[in-house]
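Chains as they are written, first to last, in our numbering: chain A, 15 to 228; chain B, 23 to 296; chain C, 290 to 551.
Calculated from the structure, these hints are not laboratory results.
All figures in this text were calculated on a predicted structure; none of them were measured in a lab.
A hint or two may mislead.
Under the rule of at most 25 Å between Cα atoms (straight-line distance), these lysine to any residue pairs were calculated in the SDA-like manner [as the list claims (entries may be wrong)]:
#1 K217(B) - K81(A)
#2 K81(A) - Y214(B)
#3 K188(A) - K501(C)
#4 K501(C) - I530(C)
#5 K316(C) - Y214(B)
#6 K351(C) - I99(A)
#7 K36(A) - K52(B)
#8 K52(B) - P448(C)
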Amino acid sequence: MNVLWTWIAAGLTLAIFSFLYKDNPFYKFAEHIYVGSSAAFWFIYLWYFDIKPKLLDAWVMNTGFEKYILIVPAILSVMMLTRFIPQIAWISRWAIAFTVGMGAGLGITGALQGFLVPQVQATMLPLWEPVSSSTLYNLGHSLNNLLLVLGTITAIFYFYFSREHKGGLGVLSKIGITFIMVAFGASFGYTIMARVSLLIGRIYFLFHDWLHLV
Amino acid sequence: MNLWDRLATIDRRIIYLLVALGVIIPIVAKLSFRVTPLREVRQAYEEIEKLPPGSVVLFSIDYDAASMPELQPMLVAMLDHCFRKNLKVLMMGHWPLGLPLGQIALEQVAQKYHKKYGVDYAFLGFRPGVAAVMINLGKDLRQVFNTDYRGTPVDSLPVLRNVHNYNDIAILVGLEAGATGDAWVQFAQARYNQKIILGATAVVAPDLYPYLQAGQIVGLIGGLRGAADYEQLVQVPGPAFLGMPAQTIIHILVVVLIILGNLGYFARRQGGRR
Amino acid sequence: MMRRTIPLIITFISGILLVFALFIPHKPFGNLEERFNDWYIIVSGFTMILGMDSLLLHHWNKIRRRQADWFHSAALIVAFAVTLVWGFYSGIKVGNPFDPKSTFLQYFYTYVFVPLQATMFSLLAFFIASAAYRAFRARTLNATLLLVAAVVVMLGRVPKGSGASVVLFGIALVALAVGLVLHGRSLVDLRGQLLAYGGAALSILAIIPIAKYFPTYLPAVADWIMNIPQLAAKRGIFIGIALGGIAMSLRIILGIERTYLK
């Protein structure tokens with residue numbers, strides 16, 4: 015049984031790889047199967063990890079206020095589904111408004127408490143920090159601190175578009191773009207690394223699980 | 023067409039072929055390269071290593087099959103470490119399409135160490151809402167996960183009996199292929215001071231370094247290289263470790279291609295000017 | 290009123306409550322926050338299936354009108370139906386489609402879905418190698434910086450990359466020197482020629498420190514790039530994004546930004 019399924023998996027893998035030669039019906043077929051089945055996954059998840067535990071099971075397990083208050087999210091959820099019926103689609107706005115408002119509120123609190131405050135704090139580094147007995151090491155360490163502060167501040171300035179980048183601001187944004195280029199380069203290097211890893215995974219599957227050559 | 027023109031216009035299918043061979047040959051030849059674990063991976067390893075037995079580690083599966091080759095070996099190596107140290111493992115996730123991958127690895131490693139479901143580990147499953155889930159986990163785990171994935175009430179699972187919120191979770195391990203790791207840091211760490219280790223694809227990993235320097239995470243495992251580091255630290259060489267030679271060869275190939283492309287480009291520009 | 294004002298009020302209340310709860314985490318805001326989060330967990334699941342009707346309808350129409358490639362649309366619909374039926378069938382049989390005993394998990398997910406998704410994304414390895422070859426040109430100083438950072442990181446983060454880096458950087462520098470000499474010969478003014486020849490000499494000289502230090506220190510250089518300049522720039526960029534995100538969220542909560550009501 016598993017052998018048959020491994021062959022199916024290998025066939026689908028090769029069908030997708032065939033795109034490298036050129037677009038063809040095999041690839042298209044595999045691609046459409048992928049899209050179709052991932053769409054169905056959302057329904058399965060919606061039922062097994064949302065509606066069933068959070069509404070149905072909760073309705074059975076809870077009593078009193080905790081039970082009846084579930085009607086509110088249930089109604090909001092049903093409202094969301096009115097989107098599928100054009101005549102009453104506007105009702106879904108109420109539910110969407112709720113998710114958008116929650117999203118905005120969560121966004122503010124996360125960005126403020128979770129990012130801005132701790133990250134700005136972590137950038138307030140001493141520009142002379144003796145951490146070892148070697149002066150040379152301390153010099154290097156402190157220089158790194160300085161670069162970290164400088165890079166952070168100038169990168170922010172680079173994205174400050176409300177004024178023309180001339181004079182002092184021009185210099186700062188020029189330094190900023192230098193840091194940003196190094197960062198993008200590093201990210202690009204890492205991206206290549208990631209893509210290659212994915213290919214390694216698939217080739218490993220073909221030669222290990224399917225052909226048993228490895 | 024002279025040599026320079028040729029260098030600047032190699033057909034893409036030849037490049038594809040070179041890439042394919044660069045991966046296939048080292049895998050079939052079973053090459054293996056030792057790695058020296060990166061500091062941020064070692065840091066993650068040591069955080070797990072120093073936990074007393076019985077501590078609870080929560081894994082979050084925030085990736086799917088699209089990044090499986092990078093993150094699955096990481097997960098397997100970390101689970102191996104946790105079970106070997108007799109830690110309790112809980113698992114949940116924010117990426118529905120990938121969640122079963124986490125569960126498959128969990129069952130596989132748990133079996134290797136003869137661990138019992140419900141006693142040594144549990145699989146909570148998925149809830150929509152990312153940030154809302156993270157905040158409410160800090161208030162009351164039972165409010166979010168009233169049952170495990172099978173519908174068994176949480177209180178009837180011994181492993182969860184004493185877990186109420188982040189105070190009862192020693193370390194949270196987030197395996198990330200997108201922005202969910204940021205959310206974990208911004209909500210679980212910043213608000214509830216939860217200790218977090220993040221494992222991430224190489225695309226995401228560079229963006230997480232600011233958290234590492236700020237102490238918002240206590241370890242970072244990036245990409246297949248990070249996974250290979252962890253496999254070596256726990257001494258269970260797996261797909262990541264085996265993939266390193268291919269990884270090296272393709273990197274070298276890409277650099278050679280970049281050099282060739284630039285040679286062709288500059289030579290043609292010179293020629294054009296003359 | 291029903292179509293505009295009430296949604297705006299709902300957005301305002303739910304958004305502002307979370308902001309209050311951050312600063313005043315006790316009663317009543319803390320509890321209300323928990324309650325609202327819980328509702329959000331339930332309701333946001335439903336947003337996952339919005340848009341699915343248009344996907345299915347689009348392909349259904351393609352089949353009905355026998356448009357080109359209708360066969361593929363049929364495959365999509367069949368895949369959708371099979372996944373749905375198999376998933377729920379397994380769910381009914383063993384309690385949950387993702388139970389280890391479920392055939393849905395054992396076969397469909399493992400041997401159909403995972404290979405499709407994983408292979409789809411592994412194609413990117415080929416495309417990115419080809420793109421690097423085609424687009425990565427040292428046209429300007431900034432572009433060169435980006436390129437060098439990428440190469441150092443790529444070689445510094447793999448085992449045995451350091452050794453290879455000496456050869457690769459050596460070739461690049463020799464090529465640069467040759468290019469500069471050729472460039473110098475085509476120039477007529479003396480200053481330009483001197484600059485070009487000087488540059489060529491410098492790039493040859495640069496091979497010495499690279500040969501001496503890269504085998505040992507390349508991983509450390511890659512480490513430094515990741516932890517200092519890369520980190521600094523990313524932090525700057527993300528601080529900018531966070532500020533922008535806060536501004537956007539405030540606009541939504543205050544009802545200035547209303548595109549979601551369309």
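Status of each hint after checking the structure:
1. K217(B) - K81(A): Violated, at roughly 34 Å.
2. K81(A) - Y214(B): violated, 29 Å
3. K188(A) - K501(C): At roughly 32 Å apart (the allowed maximum being 25 Å), K501(C) and K188(A) break the hint.
4. K501(C) - I530(C): violated, 42 Å
5. K316(C) - Y214(B): holds, 18 Å
6. K351(C) - I99(A): With Cα atoms ~21 Å apart, K351(C) and I99(A) stay inside 25 Å; holds.
7. K36(A) - K52(B): With a Cα-Cα distance of about 31 Å, the restraint between K36(A) and K52(B) is violated, given a limit of 25 Å.
8. K52(B) - P448(C): OK: K52(B) and P448(C) at ~15 Å, within 25 Å.
The structure fails hints 1, 2, 3, 4 and 7 (numbered hints given earlier, in ascending order).
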